[in-house]
Amino acid sequence: MARPSWSRAWQLLGAARRGSSYGTGDSLGPGVSPPEPEKRPSSLTSALGAGSRQVPSKNVESFASMLRRSPLVQMGPAKDKIVLGQIFHIVEDDLYIDFGGKFHCVCKRPEVDGEKYQKGSRVRLRLVDLELTSRFLGGKTDTTLLEADAVLLGLLESREIRQKE
Amino acid sequence: RCLGSLGKAAPSTSQLSSRLYGTLLAPEANQQVDPTVINDKLITEPLRHPDFFNVKELFSLKELFDARVHLGHKKGCRHGFMEPYIFGCRLDQDIIDLDQTMKHLQLALNFTAHVAYRKGIILFISRNRQFGHLVEVTARDCGEYAHTRYWQGGLLTNAHIQYGTGIRLPDLLIFISTLNNVFEPHVAIRDAAKMNIPTVGVVDTNCNPSIITYPIPGNDDSPLAVELYCRLFKMTITRAKNKRKQMEVLYGLQNKADSS
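Taken in sequence, the protein lines are chains A and B.
Going by our numbering, the first sequence opens with residue 1, and the numbers climb by one from there.
Going by our numbering, the second sequence opens with residue 1, and the numbers climb by one from there.
Because the hints were derived from the structure by calculation, they are not lab data.
Even for Gly, the Cβ is constructed at its ideal location relative to N, Cα and C.
Be aware that one or more of the hints could be misleading.
[Unchecked claim] One-sided and incomplete, this derived list gives chain B residues near chain A with beta-carbon spacing under 8 Å:
| # | residue |
| --- | --- |
| 1 | Arg68 |
| 2 | Leu91 |
| 3 | Leu98 |
| 4 | Lys119 |
| 5 | Ser222 |
Work out the full structure, taking the sequences as your base and the hints as a guide.
Structure, rendered in structure tokens:
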């Protein structure tokens, strides 16, 4: 049974850690102006007891903190990361798979268990690149293929029958 | 910023009919010249409020974030003029600042609502083949128009020769994607600017936002994001049209009560 003074110390420590992480989260952008003060999470103000700022009725998260906590940012570099995707379109042997990034990836239907890959199946992918772009000779900007690149590892292991739609 | 003043100032509809025709026909039924009090109040009442149609409640930061609106292209694809709207660059991928997007989206939706309230013609344009059908369905559902095919050169600038005299041009162009299939700015942006037709457009990090009247910095490649934009535009336009019907009934009844 935790003593009340110790649990209170935990709360303050947690809030302080959140505060410091929020401070570094702001420095993501290159010298862009930080979001307005009223966008700060209300838990921070209530824990620190700052009466001057208005505590919003709902816990409104700022864009910077949402971005910091998003899976895309937490994942880091996309190379060789394992992600789950869902097939949303099929053209004969090509599977168009959406894994939560800006673009989808296109993979060839594998020979093993080929019939099980239908619209809505969940699959495992190993990412190579989030967007296929390259600067060609004489080009002012990169040319983009509007596609991501990934290697299809297989269907979701536990239950292939568990499909959306 | 001039963007803010554009949003607040009234789009002058007294020139609405006159600027659409080249030379020609006397403009028909200028509602503003109509001396009755109803029409005057009907038109000027929404202009007194900064957010008459309450478009702010239609979207939230979380909704934009979940629809992946903040994801941009790679750093090498970036257009120089998009730099003010970019939050930062993470592992070579640009991230669009959603705080700015919220402001721009609110201005753009407010303007669309005002145009729809005044019975303006809205044209949706997108040359992105992945979402062509979705844009056409959206336009049909809100009773407006869409053009998602090859844009012939003189559609706007040569209209009264190609389509005959007395043609009415759209009062607002909404670009779901401002680029065409070869990654160049859509011809309609330049043509609309020539014909004094305001434009609303979703600009991604590789687009040029300069000539667009109400740019909305955001992702235009993910299906979730495009579905969100289509939903938002559809809701604003239907809301504005319903509001118009309501106001007509309201002022019609008032006038009847005053006269009797």
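Consistency of the hints with the structure:
1. Annotation: interface hint on Arg68 (chain B) holds; nearest CB of chain A at approximately 6 Å, less than 8 Å.
2. Because the closest C-beta pair between Leu91 (chain B) and chain A is about 6 Å apart, less than 8 Å, the hint holds.
3. About 4 Å separates the beta-carbon of Leu98 (chain B) from the nearest beta-carbon of chain A, less than 8 Å, and the hint is met.
4. Given hint, Lys119 (chain B) at the interface with chain A, is violated; its Cβ is 37 Å from that chain's nearest Cβ, farther than 8 Å.
5. With 8 Å as the threshold, the beta carbon of Ser222 (chain B) comes within range of chain A, its nearest partner Cβ sitting at about 6 Å, so the hint holds.
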